[in-house]
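With the sequences and hints as input, model every part of the structure.
Here the first sequence is numbered in the numbering used here, starting from 35 and rising by one per residue.
In short, the hints are calculated from the structure, not lab data. Be aware that one or more of the hints could be misleading.
What the hints assert, rightly or not - In silico SDA-like cross-links for lysine to any residue, where the CA-CA straight-line distance does not exceed 25 angstroms:
id : residue 1 : residue 2
1  : K226      : W295
2  : K125      : R135
3  : K196      : E129
Said to hold, decoys possible - Computed Cβ-Cβ distance ranges for the label pairs, DEER-style:
id : residue 1 : residue 2 : range
4  : D121      : D482      : 12 to 22 angstroms
5  : E404      : A484      : 38 to 48 angstroms
6  : L239      : A496      : 52 to 62 angstroms
7  : E276      : S499      : 55 to 65 angstroms
8  : R293      : A496      : 41 to 51 angstroms
Glycine is no exception: its CB is placed at the ideal position from the N, C-alpha and C atoms.
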Amino acid sequence: MGIYVCGVTPYSDTHIGHLVPAVFWDAIRKYLKYRGYEVRFIQNFTDVDDKIIARANQEGRNASEIAERYVADYLTVLGMMGVEPADRYVKVTQEMEEIIRVIEGLVRKGYAYQAGGDVFYAVEKFPGYGKLSGRTPEELEAGARVEVSPLKRNPLDFALWKGAKPGEPAWDSPWGKGRPGWHIECSAMSLKYLGSRFDMHGGGLDLIFPHHENEIAQSEAYTGEPFARYWVHTGLVTVDGEKMSKSLGNSLAARELIRQWGPEVLKFFLLTNHYRSAFNFSVAELENASRGLARLVRVVEAVQALVDHQVEPARQEVEPAHQVEPAHQGVPGDTGGAGAVAAAGAVGTTEMADLTDLANPADLDNALAEAENEFRAAMDDDFNTALAIASLHDLAREVNRFINAPSFRLTAEVQTRLRKVLRLFGELAGKDGILGILPREAPAGSRDEALVEGLMELILDARRSAKQAKDWSTADRIRDTLKKLGVAVEDTPQGARWRRT
RNA sequence: GGCGGCAUAGCCAAGAGGUAAGGCAGAGGUCUGCAAAACCUCUAUACCCCAGUUCGAAUCUGGGUGCCGCCUCCA
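Right under this line is the structure:
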């Protein structure tokens with residue numbers, strides 16, 4: 035499966051708008067791989083451009099220095115976000131031959147003409163012009179607000195090659211020194227690396243016109259074949275309800291947001307929307323996202339703690355004699371299924387609610403299968419990550435019911451099942467999973483972390499003693515003080531657990 | 001001015017002809033030494049408004065209103 039996504043024009047710090055396609059395409063790629071597709075993912079850098087040149091002149095540097103700096107910034111930020119690098123990043127400056135070849139081809143076929151040192155694409159020669167953005171050349175002309183170059187035969191024509199101006203980087207070409215126009219690089223590079231008809235082409239919604247429209251015109255005219263099969267356009271970012279744009283100066287720096295909220299919350303916030311929707315950033319919404327994500331993180335942590343908890347090999351399973359237990363409980367290999375439900379009735383319940391209290395392993399298995407199916411169905415339907423996350427919440431509820439049920443007993447067999455829960459959460463949402471919204475476990479190697487672990491163990495041990503002596507005030511004081519320090523203590527049947535808040 | 005998109009509970013957000021997912025916040029309950037976490041129950045009998053098509057519309061059509069975007073660099 036070939037995918038080409040328009041990356042960035044590297045001339046300023048990476049902002050949140052850059053992260054939208056990055057995050058969604060990361061999830062899409064990973065999902066497609068999970069589904070067994072072989073994915074070839076190409077992303078470009080338009081590293082020659084008016085804005086880069088302007089910035090370079092402003093700083094008294096080479097355009098290439100500027101481009102390199104911001105390419106590096108972009109890639110670093112993607113790394114911070116846990117986005118897998120593209121299979122190949124392509125750059126305009128490294129594909130001049132190919133770009134010139136395509137322009138030559140367009141000239142030869144009559145789709146482009148030379149005017150002075152420039153080469154323009156002749157829009158009226160391409161009958162389908164406007165088909166992506168749903169516009170006709172007439173409409174476009176009527177609405178044109180830009181000053182038209184006198185060299186153009188038609189106001190809608192756009193530059194394939196721009197003759198060199200003083201102080202600008204330039205390359206040799208059949209039309210003299212110059213550089214490529216915006217648009218042509220994506221045609222040239224996608225065709226070169228993915229062939230004439232690849233599967234998906236992505237980019238921001240704002241690129242539909244003119245960028246992608248022009249890509250289609252160039253590519254289809256050049257190859258005589260249809261271009262990309264599917265267009266996947268990601269939505270744009272607003273900040274407190276206002277469009278975020280360079281010209282308004284309200285761009286949100288990606289690094290700052292990552293520092294404030296962490297990559298997972300940012301991803302979660304984005305992925306709880308459909309990729310095509312507008313993403314409105316505000317503190318309230320990020321807080322909302324943060325809390326929603328916490329629910330998922332908590333259940334995974336709880337399961338992890340249960341899996342890590344030492345269980346005595348076999349004995350423990352039959353131990354609680356004072357409890358009314360289904361006779362077969364804990365028999366290895368028994369799924370519990372109908373028998374457990376029947377036994378619940380036998381317990382002599384007065385309330386229906388008791389049925390739901392049963393920690394029924396079969397229910398857990400069903401929930402796992404269902405969650406994975408729903409997740410797939412959601413992603414299969416136009417990569418509906420919002421629905422996919424809902425399936426994770428459904429699973430979280432089932433898992434919580436299971437592990438918090440009064441009849442829950444932690445046995446080796448139950449741990450095996452719980453490991454499956456962890457595996458699925460990891461695969462679908464883990465750091466290296468499809469959505470990448472669950473944080474990686476704290477790096478165990480760090481010295482501070484080891485110290486904190488040790489101290490917490492000591493403190494919680496002291497509290498356990500206090501509780502055993504029914505010294506509630508001491509136990510509560512420890513818990514309250516820790517809470518003030520940002521550590522939440524929760525008592526569970528397997529002992530106290532703690533987490534940072 | 002031309003073109004396009006969107007409008008679903010207090011908030012966020014799926015759903016795109018068959019009777020409204022999920023999360024956050026809120027209320028009540030269960031569990032707990034008390035909490036926390038979790039679970040259960042409740043929280044949209046006008047899905048912006050008005051007409052229409054249909055046995056049936058949040059979903060389709062027409063007309064409004066409001067917001068946003070594109071037409072100029074942007075992801």
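Cross-check of the supplied hints:
1. K226 <-> W295: 39 angstroms, violated
2. K125 <-> R135: Cα-Cα ~16 angstroms, so holds.
3. K196 <-> E129: Measuring from Cα to Cα gives roughly 16 angstroms; hence the hint holds.
4. D121 <-> D482: 12 to 22 angstroms: 37 angstroms, violated
5. E404 <-> A484: 38 to 48 angstroms: Given a distance of about 39 angstroms, which is inside 38 to 48 angstroms, the answer is holds.
6. L239 <-> A496: 52 to 62 angstroms: Since L239 and A496 have Cβ atoms about 57 angstroms apart, the given range 52 to 62 angstroms holds.
7. E276 <-> S499: 55 to 65 angstroms: Holds, at about 57 angstroms.
8. R293 <-> A496: 41 to 51 angstroms: Given range 41 to 51 angstroms: violated, Cβ gap about 35 angstroms.
When each numbered hint is compared with the structure, violations occur for hints 1, 4, 8.
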